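Numbering (UniProt numbering), first residue to last: 1 to 217.
There may be inaccurate statements among the hints.
Below, computed lysine to aspartate or glutamate pairings styled on EDC-like, alpha-carbon distance capped at 16 Å [as the list claims (entries may be wrong)]: (1) K55 with E71; (2) K179 with D134; (3) K143 with E189.
What follows is a set of in silico ranges between Cβ atoms, one per label pair, in the way DEER data are often shown [stated by the list, open to error]: (4) Q56 with L169: 27 to 37 Å; (5) E141 with I29: 29 to 39 Å; (6) G138 with D49: 47 to 57 Å; (7) A188 with E54: 17 to 27 Å; (8) E148 with A53: 44 to 54 Å; (9) R13 with N60: 10 to 20 Å.
Calculated from the structure, these hints are not laboratory results.
Note that this is a predicted model, so its numbers are computed, not measured.
Glycine residues also receive a C-beta, built at the ideal position from the N, C-alpha and C atoms.
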Amino acid sequence: MNSATTYLEVAARLVTNAVLCEKSSQKLIAAGKYIEAVSVYIKTLEGNDLNDAEKQFVINNVALYAKRANELLTNDCPSERLHTNAYIDKQQSQVPCMANEDQSECTAKSGMDAEVPESLQSAVCISKPTVKWDDVIGLEEAKGPMQEAVLNPILFPGSPQASFAHKGLLLFGPGGAGKTQLCKALAAEANNATFITVRPDMLLSKWVGESEKLVRG
1 MNSATTYLEV AARLVTNAVL CEKSSQKLIA AGKYIEAVSV YIKTLEGNDL
51 NDAEKQFVIN NVALYAKRAN ELLTNDCPSE RLHTNAYIDK QQSQVPCMAN
101 EDQSECTAKS GMDAEVPESL QSAVCISKPT VKWDDVIGLE EAKGPMQEAV
151 LNPILFPGSP QASFAHKGLL LFGPGGAGKT QLCKALAAEA NNATFITVRP
201 DMLLSKWVGE SEKLVRG
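Please put together the full structure from these sequences, using the hints given.
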């Protein structure tokens, strides 16, 4: 049994568990299982010699289950709307909508400025959050680096500190720790910045040649 077959079996079990959780109204747990399955499917594409049909099968499953996880999270937490990525939108003709999904949801809607590449438009946060720094209690150790990395270069572009700001920050922790609220507060404070939210499944475009365009852009 090769590694690809093992990954596919693991992913199938995760999907089965997710469906069972859905039936018992455990939406968040089901979404987590779908996301785990998506991660396993992605690993299947890495380092395995798959033919075109097998690759397409895996990619379609990633698109389908990432979208289903997105729907479950959205329905359970409307304020935490996750963006459907451009890759999934392009695969609509190959990946059927869920049976209980409104067909209008299968159509990507974008009114972004022409300066934003089409392939990134679905990832750009359009609505401005209303969360403020003071609304997020504690987490001072995270607030400081975030302000230094994002806000200070925008508000004080000529300051020496702006040249030494962090180039990247990783927020981690269990659900409910405040990661999303921190990002919302940051987006609300930075008026002249474009915020992009990226999910792992958005990076799958590399398998169909889209990543080169994004990197060059």
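### Query
Going through the earlier hints one by one, which of them does the structure break, listed in rising order?
As far as the earlier hints go, 1, 7 are violated by this structure, in ascending order.
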